[in-house]
Structure formats: structure tokens, C-alpha cells
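Read off the chains here:
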Amino acid sequence: MALAKRIIPCLDVDKGRVVKGVQFLDIRDAGDPVEVAKRYDVQGADEITFLDITASHEGRDTTIHMVEAIAEQVFIPLTVGGGIRSVDDIRNMLNAGADKVSINSAAVKDPEFVKRAADKFGSQCIVVAIDAKKVSLSGEPERWEIFTHGGRNRTGIDAVDWARKMTQYGAGEILLTSMDNDGVKRGFDLGVTRAISDAVHVPVIASGGVGNLQHLADGVLQGKADAVLAASIFHFGEYTVQQAKEYMAAQGIEMRL
Amino acid sequence: MTSKVCALIDYGMGNLHSAGKALEHVSENTKVVITADPKVILAADHVVLPGVGAIRDCMAEIKRLGIDEVVAEVAGKQKPLLGICVGMQAMMEHSEENGGVPCMNMFGGEVKFFGDDLFENGEKLKVPHMGWNKVEQVAHPMWHNIADNSRFYFVHSYYIQAKNPAQVKGRGHYGVDFAAAIGQGNIFAVQFHPEKSAAAGLQLLQNFLNWDGQA
Numbered sequence: 001m002a003l004a005k006r007i008i009p010c011l012d013v014d015k016g017r018v019v020k021g022v023q024f025l026d027i028r029d030a031g032d033p034v035e036v037a038k039r040y041d042v043q044g045a046d047e048i049t050f051l052d053i054t055a056s057h058e059g060r061d062t063t064i065h066m067v068e069a070i071a072e073q074v075f076i077p078l079t080v081g082g083g084i085r086s087v088d089d090i091r092n093m094l095n096a097g098a099d100k101v102s103i104n105s106a107a108v109k110d111p112e113f114v115k116r117a118a119d120k121f122g123s124q125c126i127v128v129a130i131d132a133k134k135v136s137l138s139g140e141p142e143r144w145e146i147f148t149h150g151g152r153n154r155t156g157i158d159a160v161d162w163a164r165k166m167t168q169y170g171a172g173e174i175l176l177t178s179m180d181n182d183g184v185k186r187g188f189d190l191g192v193t194r195a196i197s198d199a200v201h202v203p204v205i206a207s208g209g210v211g212n213l214q215h216l217a218d219g220v221l222q223g224k225a226d227a228v229l230a231a232s233i234f235h236f237g238e239y240t241v242q243q244a245k246e247y248m249a250a251q252g253i254e255m256r257l
Numbered sequence: 001m002t003s004k005v006c007a008l009i010d011y012g013m014g015n016l017h018s019a020g021k022a023l024e025h026v027s028e029n030t031k032v033v034i035t036a037d038p039k040v041i042l043a044a045d046h047v048v049l050p051g052v053g054a055i056r057d058c059m060a061e062i063k064r065l066g067i068d069e070v071v072a073e074v075a076g077k078q079k080p081l082l083g084i085c086v087g088m089q090a091m092m093e094h095s096e097e098n099g100g101v102p103c104m105n106m107f108g109g110e111v112k113f114f115g116d117d118l119f120e121n122g123e124k125l126k127v128p129h130m131g132w133n134k135v136e137q138v139a140h141p142m143w144h145n146i147a148d149n150s151r152f153y154f155v156h157s158y159y160i161q162a163k164n165p166a167q168v169k170g171r172g173h174y175g176v177d178f179a180a181a182i183g184q185g186n187i188f189a190v191q192f193h194p195e196k197s198a199a200a201g202l203q204l205l206q207n208f209l210n211w212d213g214q215a
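These protein sequences, in sequence, are chains A and B. Every letter in the first sequence is one number past the one before it in this note's numbering, and letter 43, counting from 1, is 43. Every letter in the second sequence is one number past the one before it in this note's numbering, and letter 15, counting from 1, is 15.
Please note that a few of the clues may not be correct.
Heads up, simulated DSS-like pairs for lysine-lysine below, C-alpha to C-alpha not over 27 Å straight-line [what the hints assert, rightly or not]:
#1 B:63 <-> A:120
#2 B:134 <-> A:38
#3 B:112 <-> A:165
#4 B:134 <-> B:21
#5 B:134 <-> A:224
#6 A:15 <-> B:21
FYI, nobody ran anything at the bench for these hints, they're computed from the structure.
Extracted from the complex, chain A is given alone in its bound form (with noise of 0.2 Å):
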């Protein structure tokens, strides 16, 4: 099979600012997103996402105006999330140069806004994110609720039907992110990753927890994601794409060299 497993380096933006918190304390300065995007589209980046963190309403135009540079220089596919609650807030991102938007907690809160959405501007800009933590206990079958609030609400609604019920409303792709594991360093949860990738016909990109060049390859080859997300291992020079790209080509994965 020719098409490849794309690596998709996040952007959480404060501000203004890229950051990466350690499960959402002790938030570090990564730098400005415009230069951030372009280093990492000249290491073969194959999309990137933008994340606006920023909890005011006055961080909007900022964040515009972001998206806006980043489309000018970097041409690979923009995803861009947090705060989209409106189809203005869409097609405002879309104007601005986004590709993709990214539907998390507006989708929790009306179900429906999916649907309108990828109606008015077709399924294939439409992601939901889903935070997925596991809740069943150890000795039960596992089982994955969603969360919302940076993971301090839970839902009580099931992660796995959730993003099935996601597709059908049409969503286009599937952003996971599995909360324990968010920032502490420890891979992808691997059990709800592949849950949701046998469950749903969209792509799944895998996100949380990424530490090392073995949890992404782990992602793709255990978790059955299609694309695999990370922040923190770029951010800090730990590692380039490249590299991620090369560990994961050298494990018989497709990859985009």
C-alpha cells in the first residue's frame, strides 16, 4: 500500500506563543508558530495542527491573523483547533488559510453542530477531537469515556461509540487524544487507539503522551492509527521530523521521505 502514515507536529498556542505544559502545569515557551510551522514543514512535516489554547475570547484576532502567516509559507495541509464553536468560527479559520478545523467540546455540547458543519463545508475539513481517558478498572474489560475541560469532566458517554457516532454525523477524521497519557511522556493509549480505528472508516490520527521515536512507530503498528500527532519531542529539539520519519520507515511503515 503506497499511501503513507503521516507525523503531525502540534502547535498548542497561548497568546500568541507555542507552548507545551506537562499535563497543563509548568508550561513552557517553544517559540513563535509562524517560525515553529516553517522549521517543521522544511523537515517533512506531512500536515500540521494548530491548537489555541488561549482561554480569553480577545486571543481570536490573534490567532487569525497566526493562521493567516502560517498559510502564506507553509503548504501543507492546516488543521486548526480550540474555540471553534460557530459555523462562523469556521469559516472565519478557512478564510484565514485553515485547511481542516478541529471540533472537540462544541460537538459534546450539540451533537448536531457536526452535522451542520461538514453539510455547509464538506466532511473532508471537519475533525473531531475526542479526549479519552480509561475508566474501566483493572480486571474489567477495558473501556474509555470522554472528557472534556482538559480532562477534568467526565461525560459518561463511550469513547468508542462516540467517535462512531462522530463519523456518522460526518466528520471526516478523528483526533485522539488519550488524556492519561497527555504530556507525561508515556505513549499513546494503544488500547482505545486501535478500538477506534477498527470502529470507525475515517482516518485517526493518535495524539497524547508521545516521548520517544518507538511511541509513534507503536501508534501506527499496534494502535492502527492512520497519522500520528506530537508536540513536546519536536518542540525541544529532541527530536526532527525527519528522524521520526526515518525510525518509523526503518519499522516497514509507509512514510513520506
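Dock chain B against the given chain A, drawing on the hints supplied.
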């Protein structure tokens, strides 16, 4: 310095910003104009027909705005014309999307669904076909300075089965063989998104702006 004009046809379907920005990025002496005005399109030196979304809505808008007639006239004037993604699909005879939609019939062949049961070597393939895939080239000026089997970025659930194999200028494979590029005379069309395909895609767009429309 003489300045040429490239018209990017805007028929209200989806996101033209990416294509516009990429064309501007590679154009040194070409002005990129996003327009639905037949006069502007017919006066341009190069014409791009993009497209995203569902074919029924695209064809409805193409017809409502008379874009089909304008595109036919551009094709007849021997002016370089580039179709991208659904813009390419709209150039075919017919698409089976949305229960079957007649298209502009500039190329013989059908636009077909990849299907819900697409397999390769026992592995189930996701649909849409999304990501970077190889394109096997057939000699054409549009491939100038692009290595054979370079990867381009695709996002589509429907693929083109061309009737005339001589018109296939790039071959793709995803569970089935499909036409990744098709061409005849001054018309060239691609299923992938050159505007999102990094260096290879930008080179193809530059080749288009440098192309005189002779195959």
C-alpha cells in the same frame, strides 16, 4: 515587465484561499485573480478550476453561474486550464456521487466511489483516501522538475476511471488504480491538491504558470 493573469474560478464551493496563496507564492510575473466573471476568466492567460465538497452542489453552481460554458470556451481557446480535485471530477462525463450527477464531459470516464469495503493485502483501507500518495508520471510538461513517483496530498472519496488510457498523465493506486492526473491538449487536471503538496505541488503549479498549453 509584462504581467500575465491567472484566473482562479470562484463558484462559491469551498476554500480557494489555499490555492490562491500557493499560486501567488510561485508566480513571479503572474497576477492571481479569484473570480466568477466570464469576462475576466476569458481574458486571463491561465485558468484554474478548483473544487471541494459534493459534486451535486458543485455542478449546480457551475451551471447556475454559466461556468460550464466559460470553461468550454477556455478549453477551445487553447489556453492552459488546470482542474484540481472536484474541479477535475467535474470535467468527467458523469459522477456516481449523490445518486449520479452528469458532469461537463470534457473527458470520457466515470467518477466512482472507493467503497466501504476497500482492501489491500488483507488490510481495510480508510475512506476518504486522505494523505500523501505516489503518482506514477506519464511524460508531460506539467511534471517538469518533479521526480517520478513523488508523493502528493490527496483528500477524496471518489476516484476517476478514465475511458481513454492515453489521457491518463498520472497514475495513482489506493485499493484500485485511478487517474491521479489527466490531460488532453491545453487541459490538465489533478485529483490531488498541489497547493497542499509542499515542494512537489508548488513545482507543479509553477510548471502550470510556465506552460504554453502544448502537450
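Right, here's what the structure says about each hint:
For the suggested pair residue 63 of chain B and residue 120 of chain A, the alpha carbons sit about 20 Å apart, so the restraint of at most 27 Å is met. This hinted pair checks out: residue 134 of chain B and residue 38 of chain A have alpha carbons roughly 24 Å apart, not beyond 27 Å. Between residue 112 of chain B and residue 165 of chain A the alpha-carbon distance is near 25 Å, which keeps this suggested pair within the 27 Å criterion. Of the supplied pair hints, the one linking residue 134 of chain B and residue 21 of chain B holds, its CA atoms being roughly 24 Å apart against a limit of 27 Å.
A C-alpha spacing of about 21 Å is found between residue 134 of chain B and residue 224 of chain A, which places the hinted pair at or below 27 Å, so the restraint holds. Distance check on the hinted pair: residue 15 of chain A and residue 21 of chain B sit about 25 Å apart at the alpha-carbon level, within 27 Å; holds.
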